[in-house]
Amino acid sequence: MRIWGMVLGGYPRSREARHLLRDVERGLVPPTEASIRLQRVHSEIMGVQKAAGLPVIVDGMVDWHDIFRPFARSWRNVSVNGLLRYFDNNFFYRIPVFVGEPDTIEPVLAPRVRDFIELAHPSALKVVVPGPVTFARLSKNSSGLSREELAVKIASILRQEVSKAVEAGAGFVQVDEPFLADIDATRDDAVLAVELFNKIIKGYEEKASMAVYFNAPSTDVYEAILNVDSKYLSVDVYDTRTRALDLLSVKGFGGHVPVLGVIDGRRIHDDDVDRIIDDVRRLVDESTEELVLTTTTWMDLIPFRYSLRKTILLSRLVEKFAEETDSEAYTIWR
Amino acid sequence: MSYRVPEKFPTTVVGSYPKLPPAKEALRRRKKGEISEEEFESLVREAIKGVVQDQLEAGVDIISDGEQSREDMVVYFSEIMEGYRPGEWVKIFDNVYFRKPIIEGPVKWPGPMTLRDWRIATEYSEGRPVKGILTGPYTMLEWSFDLYYKDRYEAIMELAKVLRKEIEALVNAGAKYIQVDEPALSTRPFPEEAEMLGEALKLMLNGIEAKKIVHICFGRVEKLLPYILDYPVDQFDLEFKNSDFRLLPYLKEYGYNKELGYGVIDVHSHQVETVEEILEAIDKLMRLGILPPEKIYIDPDCGLKRLPREIARAKLKNMVEAAKIAREKW
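Line order of the protein sequences matches chains A and B. Residue numbering for the first sequence follows this note's numbering, starting at 24 and increasing by one per position. Residue numbering for the second sequence follows this note's numbering, starting at 148 and increasing by one per position.
Heads up, some of the hints might be wrong.
Stated by the list, open to error - Just so you have them, the derived chain B footprint on chain A, three or more residues with Cβ under 8 angstroms:
| id | region |
| --- | --- |
| 1 | 35-45 |
| 2 | 106-114 |
| 3 | 283-296 |
| 4 | 312-325 |
Claimed, not checked - Per label pair, the in silico range of CB-to-CB distance:
| id | chain 1 | residue 1 | chain 2 | residue 2 | range |
| --- | --- | --- | --- | --- | --- |
| 5 | B | D391 | A | N100 | 22 to 32 angstroms |
| 6 | B | S189 | A | G70 | 20 to 30 angstroms |
| 7 | A | E171 | B | K171 | 40 to 50 angstroms |
| 8 | B | L435 | A | G275 | 46 to 56 angstroms |
| 9 | A | S272 | B | P153 | 53 to 63 angstroms |
| 10 | A | S272 | B | L435 | 36 to 46 angstroms |
| 11 | B | F392 | A | D252 | 37 to 47 angstroms |
| 12 | B | P338 | A | V122 | 33 to 43 angstroms |
| 13 | A | D46 | B | R453 | 20 to 30 angstroms |
| 14 | B | E273 | A | N104 | 35 to 45 angstroms |
| 15 | A | I335 | B | S189 | 46 to 56 angstroms |
It is worth saying that the hints were derived from the structure and are not from the lab. Computed from a predicted model, the values in this text were never measured in an experiment. A virtual CB, placed ideally from N, CA and C, is assigned to each residue, including glycine.
Just chain A, same shape as in the assembly (with noise of 0.2 angstroms):
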């Protein structure tokens, strides 16, 4: 078995990050000194998934206040307003407010993935996007399509927006689709995501995954999310450890490389290697070829020096438990 690890997605702001954000936002740093001292702060959060043996790895996001911000601002007939929880979060995002059709205006990860690709080297890059489904639900929409319309176009703009960044040499594609794991997500919700999911990653199956979390998805979604085109499939294992297990040891992972949400990402404790490690044993068996272990969700809500010692235990992880199934740990991309 080939195993390796990566960071699900965004992490928390260092104190520099907070009080450089902060004095952006009082107009006191400005936009080119801004963005020269942030490429520091994410070079530094790469540095770290790089020692740490992952051979994919996030810039870490640090200056998106939420998943949706970036894509809101830099899109035609959307706007945010308001603030509202992010699933079970303490945490609120800006609803992003769909006035009309959206279209692109510039694109947000090209140059994002000009700007690291150099200091990813030699791990790939991963770029994060939120999922049309997720997207257009926790969204307002003014713009007179249905959601079911309006995800539609959403999932048009994040085709757009994927292919120009794996032209600037995105290594590994992830789609967020945390509301399929919502108490309220339909199988109708998951069919139509995968649909939507599989033209944004179309022509990169073999380096892309849909991601859930925040709990573990219904037995009817997760069938419908078996579906998806893409080689790898990530699901938080831990938020409802119990549940989850359960049902990935009756679904199985149909066929795609399983890639395990098992480091909490939204708690500070230290994970329990051994216990995680059992877990996993349940989930996979000799003809699993390959298996990415992973943090639950994003370490954004985290304090900053907790998210750097869980990408350490990440790595830990995937080197025992490499050695305790005589499995090949991978730290670089192939």
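Position chain B relative to chain A; hints supplied.
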């Protein structure tokens, strides 16, 4: 001085009120270590007096201290309770953060945490009852980091035991209304979570001689309703206005028959609800025919702390006016 709470449609508040200038000063100076406990209390007293006056002028029947010394509903208790330490900065929205507290040892009751402010409010309340208000154990845990209890159930039960002592202190001092705030519950509307809080509430409230209220807001309460109706409480205080009264049909569906704190004021909007608008909200509930007016408490959706004081005051005034008219009508 005694005050007779109206039998029909009594009016109340959920708890927090805009921070008055003395409270802001007290909190700011305390953070910088520039203030003695006596000075802090003196400023908080002045703020609470103002809050109580606002509520009396509006005509609210069951009032609160406005939570003037609470910077945040979880952080406040964590800073006093044994077993907690201050946390590090965690994002709450945009580039705004709070210090998410950390449980690092067994939680213990350090002595009364809310009693001083409750007493101050009672001094100025002209006989109107003052609610004793606590953040519940579920929300305390969910909005903290836990490095001590590895099991959520154990942590919530231990927090419940601590809060039980606080409730006893309030009731021994004369509090007739005890409210436990559990906004975090509606973010995880699963039966097992609701059952866990139910167990905790038994520890906290069984045998307590006071009106027992649980406040839940801003989430999918309809998913919780089937699992919480047997909680050992007299009243659920719920948000309705902000979610456009979406919850109302579910009350009927699930045969709701406890007292209801009926949220008719949107605390996220600066637009002051008119008397007619609030009356219409009351009529909507009455037309369902599920509860008599004696079991309906009229109040805002949630705490008023994010509103400007003038807006909060105007909203309360109209709310009381609408309740008066409703008493005649129903």
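Checked hints:
no. : hint                                   : in the structure
1   : 35-45                                  : holds (count 6)
2   : 106-114                                : holds (count 7)
3   : 283-296                                : holds (count 3)
4   : 312-325                                : holds (count 3)
5   : D391/B with N100/A: 22 to 32 angstroms : holds, 25 angstroms
6   : S189/B with G70/A: 20 to 30 angstroms  : violated, 51 angstroms
7   : E171/A with K171/B: 40 to 50 angstroms : holds, 47 angstroms
8   : L435/B with G275/A: 46 to 56 angstroms : holds, 47 angstroms
9   : S272/A with P153/B: 53 to 63 angstroms : holds, 58 angstroms
10  : S272/A with L435/B: 36 to 46 angstroms : holds, 45 angstroms
11  : F392/B with D252/A: 37 to 47 angstroms : holds, 43 angstroms
12  : P338/B with V122/A: 33 to 43 angstroms : holds, 39 angstroms
13  : D46/A with R453/B: 20 to 30 angstroms  : holds, 26 angstroms
14  : E273/B with N104/A: 35 to 45 angstroms : holds, 42 angstroms
15  : I335/A with S189/B: 46 to 56 angstroms : holds, 49 angstroms
Checked against the numbered hints above, the structure violates only hint 6.
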